[in-house]
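Hints are included, so try docking the two chains, each in its own frame, into the full complex.
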Amino acid sequence: MSSTALFVQSLVNGLNQGAIYALIALGYTMVYGIIRMINFAHGDFIMVGSYTLFYTIPLMINAGMPAWMAVLAAVVVCTVVGVVVEVVAYRPVRGAGSMTALITALAMSLFLENLAMILFGANPKSVPSIFNLPSVKIFGARLQLNYVLTLGIGIVIMIALQLFVKNAKLGKAMRATPQDKQAATLMGINVNHIITITFAIGSALAGVAALMYCSTYPRCTTDMGSMMGLKAFIAAVLGGIGSIPGAMIGGLIVGLIEIFVKVYIAPGWYEAITYSVLIIVLIVKPSGILGKNISEKV
Amino acid sequence: MGKFKDKRWAYLINFIAVCVLFISLTAVFNSGSLGTRSTYIKGIATTACYTIIVVASLNLLTGFMGEFSLGHAGFMSVGAYSSAIVTNALIGKGIPNLLLFIIALLVGGLAAAVTGVIVGAPTLRLRGDYLAIVTIAFAEIVRVTFCNLQITGGGRTMSGITKLSDFSSCFWVMVICVTCMYMYVRSRFGRTIVAIREDYIAAAASGINVTFYKVLTFTISAFFAGIGGAMYAHYMTAMIPTNFNFNYSAELLTEVIIGGTGSLTGSVIGAAFLSSLPELMRQFADYRMLVYSVVLLFVMIFKPSGIFGTYEFSLTGVVSKLFRKIKLGRASQ
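Protein chains in written order, with the numbering used here: chain A, 1 to 298; chain B, 1 to 333.
Heads up, some of the hints might be wrong.
Residues from chain B that face chain A, not an exhaustive set, calculated with beta carbons under 10 angstroms [claimed, not checked]:
| no. | residue |
| --- | --- |
| 1 | 8 |
| 2 | 136 |
| 3 | 142 |
| 4 | 144 |
Keep in mind that the hints were calculated from the coordinates and are not lab data.
Every value quoted in this text rests on a predicted model; they were computed, and no experiment measured them.
Glycine residues also receive a C-beta, built at the ideal position from the N, C-alpha and C atoms.
Chain B on its own, in the form it takes in the complex (with noise of 0.2 angstroms):
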């Protein structure tokens, strides 16, 4: 029974059913039983896939370190703009595709974890509200200097970026980043966040470094956002500044809270499910958020945590109970 539970085995376990799910979803696609249809959906997974990594990050400071980015979006764009000119400025230097996609991966990621220190450094101290309000402001400034830049198209559409993100190379980024995100979560940073968002006098007292923790958090947050904003350039291959307005900020916050504050399997299955959702029915397009807002407004009215709440999916947990349940039945004849 307790094998099940052995570290090897669960990395084992999840890394086949990892596997079998990009098997069968890379089947389906190849297949051809979704005809003409088959890039729209997976152009929809894709988009799911840099969607869950950016919601996933939020969830790290909205659900384990219980403060707010309004302007996650920011981040995003950061990231999405930076990794752009990297790539642009690397293109027809006979990097092969793959090594410059990473790259561009890294220079957003990293490009957004600088801004995440230098945003959170001096504004972590702030809690509640007004670093809620401070992160909106941030974003508001982030978007108003790449309308003003001309190296980022001068408040025009930055058009041109080379296509580097398709769905199997996206779908391992995603896998690996949430990955990490969940390492982060369970190990003793991240017990130490939780810990800070129980109560952090609390935790000041039991000699934690309140502020470094955060910043770190809210650095690691913004490094992943970074790298879901570098995919979703080199997907969408044209940008405006304008499209990371705090209205998508809300709705990555949206997604999050819906999905479960404190369950990254929430953030995961949400952000999956409520990015393809609207592409899916594109005749309610207009409702969309109406919608979204509603569901908010019952989510926090009956089950404030989520629908996931902190509940994480183990697959490793439910083998183990299936097997327990055999030889429960074999027992008993």
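The following block holds chain A by itself, in its conformation from the complex (with noise of 0.2 angstroms):
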């Protein structure tokens, strides 16, 4: 392969990767800019939509449909799944300051983690092929249709969420809500309602994570949310948490330094090198390329 097809190879490949990753931290953006807390648990709502799409897409093989129609059931799974991790787990420690709701939603992360293991075995389970899309050359590099799907999925859902929340009545009790929940209260903003939505908005894009994640490495595990999660995570902290256009270029940011590290410079340290940028990143910008600065007061 030439240097270029390599180059272009690689780009195509980290765009991938942080598309996948951008969906992922939308869904944490969203949640951490309502009710700031660090959802530990949306990486293990993937891995229950990962599991999901393993459990149906045969079922919809079966019945004639196309495989991508598994996403529906993994993306109600997952809402199903969130909703009632916020109502049972997070709610009840709202007010409580946020080491206990960190520690809440690590706690719950454990707890999906642990109940998948018991539930579907340690074995890695391989998800059927999802999408069967042709992939197309370009200098010399080969871009799988997919990878678009995955990029263009991402930068429409991104606009739709930046649309609903700056626009659609519901968006904007979401953005009074974290800004003063006792003046949005008196104006008729009903908060519990309005994270639980929040809740269920991100827990659904896990559910379109898991599929694009599914239809790259079509392959689930137990653990995979926790890293992934992780390294979502960092995305989101990246571009600026809180803020939705952040989580896509953060996501895009990690994806291609994973890749690019991999292929140029030394392939087993990516994972060091990103989370060193992470650290970088946090001392010197801790609000994140596009995330405002909120300085305490007293």
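This is how it looks when you write it as structure tokens:
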């Protein structure tokens, strides 16, 4: 492979990887933007979505429908799990401070992971192929069309979310809630309701992310959520957590860094370099690339 | 009455109690009443010893300073690997085992402490969630580094480390470490970090150098985690960097939280109980983390400060209470 082709191929792979991270990061950013809480369990929602895909794709194929229709089942299951987690675990500790919330989220993540381990076993499951799209040759590199699809879906969802949060009445309520809960309540916003809806949207995104992940890496394991979730979270922080376009940018940057380091620098070290970038960004600009600086008041 | 609250008395009583505990444990192990399981249970007790050190050191950060570390396993692995490398270099040079063990512990602790300064100094101005993320990132960087270096086994198991940790030495190291941490918490430094936890702006306004004390505590915590790691290395004699992954850090944090944030008693009892529980109930091993997470959820919902809260068990307090009761009993006769 010529050096241009290698470069283009890496770019394509990096953008695809980044688009997956971006989809996951959108879910993190939505939740963090509204209730200022790192939802550690978000990565595990993707694991739940992937296992749903694993079990529903054969059903879809048997019923004569296209395999990607299974995403509907994944979205529904993820949404239900997300809302249940919010209502059962997160709502009771909401007033108790950020540390309690963080530990609860961690506990929920451990719970989902270990429950999946018991329900589905420790062996990885391979998901049947989802899209049978052809690939195109450009500059000697192979461009799979489902990569384009992943990136496209990511951008569409980002724009839709941005418009929704900026313009729709519900979106405005979502932005009002973190600014001042009591004032929002006085304005007739049901805060609990808004938070549950936010979780529903975030978890539904996890369902879509699971589809795109499984179309690239057709394998699901019970611990796939935690590490991928961590990287997606890094993407969200990098772009500026709480900012929807930031999640997209952060995701793409993390994906590109990973692939380029893997190809050009040192294959074994790509994770270390991603994490180092995160630490440097947090030290230099803690609010991320697109985040707003909020100074703490006494 | 007051004489039992006297410091010298307190040291004596606590020292006697620790000796009694040690003698009774060794007596049980040596009496043969446990039969063939004796060495196995001794092993569990050794595991409990290093877990107690690491969990208590994490509690210094989480409970007393009010900041999280989700990467404490990273410090542990720094301690474990550096001490293992040093013992491998020194073995066969005629150094007695006990001295070698102490050297290994100090090397592990110091290596982890240096890492603690390097990580803590720039990052400790971050707080809460962000700091938690940075510590995860740090632990992952450590893991990837050890996976790639030849000297640490290059991603494969590093085996053949001399077995230096036995129950009695681990027990005494644990006692010394926990005593040091307890004294730190009760000292002027300890009160300072509690003040920082309660309100860091007010603490800074009162003339406390917040960053200095934070980095200091972070370093001390890392030091003890490194000692725990060194004990781990010389007890297991083989290890792989993925042992110290995010899940292990999460498990350590779980033990701190369930025991009680801000209570070293909670950490000691929590760690001893939770690290021996899965060994004692092997057939439920698959359900261990599931049960942990459910317990953690319930603790968070119903008693967010953990089972012991900030309560510290005080033997001298119990003794003086006992004497008061006896005296009252005599007086009423």
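Here's how the hints hold up against the structure:
no.	hint	in the structure
1	8	38 angstroms, violated
2	136	6 angstroms, holds
3	142	9 angstroms, holds
4	144	4 angstroms, holds
Taken one by one, the earlier hints fail for this structure only at number 1.
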